[in-house]
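Taken in order, these protein sequences are the chains called A and B. Quick note: the first sequence uses the numbering used here, first residue 1, plus one each step. Quick note: the second sequence uses the numbering used here, first residue 1, plus one each step.
Heads up, a few of these hints could be off.
Claimed, not checked - Far from chain A, by Cβ distances over 10 Å, these chain B residues were calculated: (1) H12; (2) E15; (3) Y22; (4) T28; (5) K59; (6) R60; (7) T62; (8) K70; (9) A78; (10) Q80; (11) D83; (12) T106; (13) A109.
What the hints assert, rightly or not - 30 Å max Cα-Cα, derived DSSO-like pairs, lysine-lysine: (14) K57(A) - K17(A); (15) K36(B) - K56(B); (16) K96(B) - K11(A); (17) K36(B) - K57(A); (18) K56(B) - K96(B); (19) K36(B) - K11(A); (20) K57(A) - K70(B); (21) K70(B) - K59(B); (22) K96(B) - K57(B); (23) K96(B) - K57(A); (24) K70(B) - K57(B); (25) K96(B) - K70(B).
Hints in this document: simulated from the structure, not taken from any laboratory. In this text, a Cβ means the ideal position worked out from N, Cα and C, and glycines have one as well.
In case you want the letters, here they are:
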Amino acid sequence: GAGVSQSPSNKVTEKGKDVELRCDPISGHTALYWYRQRLGQGLEFLIYFQGNSAPDKSGLPSDRFSAERTGESVSTLTIQRTQQEDSAVYLCASSYANYEQYFGPGTRLTVT
Amino acid sequence: GQQVMQIPQYQHVQEGEDFTTYCNSSTTLSNIQWYKQRPGGHPVFLIQLVKSGEVKKQKRLTFQFGEAKKNSSLHITATQTTDVGTYFCADTNDYKLSFGAGTTVTVRA
Chain A
1 GAGVSQSPSN
11 KVTEKGKDVE
21 LRCDPISGHT
31 ALYWYRQRLG
41 QGLEFLIYFQ
51 GNSAPDKSGL
61 PSDRFSAERT
71 GESVSTLTIQ
81 RTQQEDSAVY
91 LCASSYANYE
101 QYFGPGTRLT
111 VT
Chain B
1 GQQVMQIPQY
11 QHVQEGEDFT
21 TYCNSSTTLS
31 NIQWYKQRPG
41 GHPVFLIQLV
51 KSGEVKKQKR
61 LTFQFGEAKK
71 NSSLHITATQ
81 TTDVGTYFCA
91 DTNDYKLSFG
101 AGTTVTVRA
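Work out the full structure, taking the sequences as your base and the hints as a guide.
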C-alpha cells in the first residue's frame, strides 16, 4: 500500500517568509508525528497527534511553529517568519497503536 | 526527557568484518526501537525490544536489550556495502520516541 507522503520534497524560502509543509499519513494510522533533523544529527521530536486527543506540542521550538491535523488524515506544519536556523529536513511519521513508526521522505527546508 | 547516548558516532568497517554499536542510558529504558536511515533516505524501522535481556536476530543483525534495561546493542556480522547508513536507537515512552544521535556506518570494499 501507499506509504507516508510529504510535500513539497524541497522548499527554499527567504528569511522572514512563512512556509507550510504537508504530510499524508498511511490510511488507518491514528498517530502522526513531526520531527526535525538537522544535517548529520538525530531526530528532534516536534509534535504528536493521536486521534481526536489534544496534540502533544511539547517539542515545538518556538511559537513560530504550529501544526494541525484534520481528523486522522492530513497534517500541516507551519513555520512563520522563518529563520536560517529553521533549515533542516522535516520528517513526518505515522503509526498504528503507537508501535513502529513509518516515516515519509521528508521536506528539505532551506532558509536563505 | 530521557537521554539516549549512542556510541560510536562513526563506524568505519572493512567489508566482511563484524561490528557492534551501542545505545546507553543512565536511567531505565521503557522499550527500545532501532531504525536505519540510508544516506539521503528516511528512517526505517528495524525492530523493537521490550524485555530485559531480550535478544532478536534479523539475518546478520543481532539486537540485544541489557539485563537492567539501560543499554542496547546492535551487532552486524560479515558487513556488506548494503549496511551503509545511520543506525538510530530510540527509547519509547508511551507514544513518544527519544532518539539517540545515531551511529553512521561506512563500509570499505
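Which of the listed hints are broken here? Result: no hint breaks.
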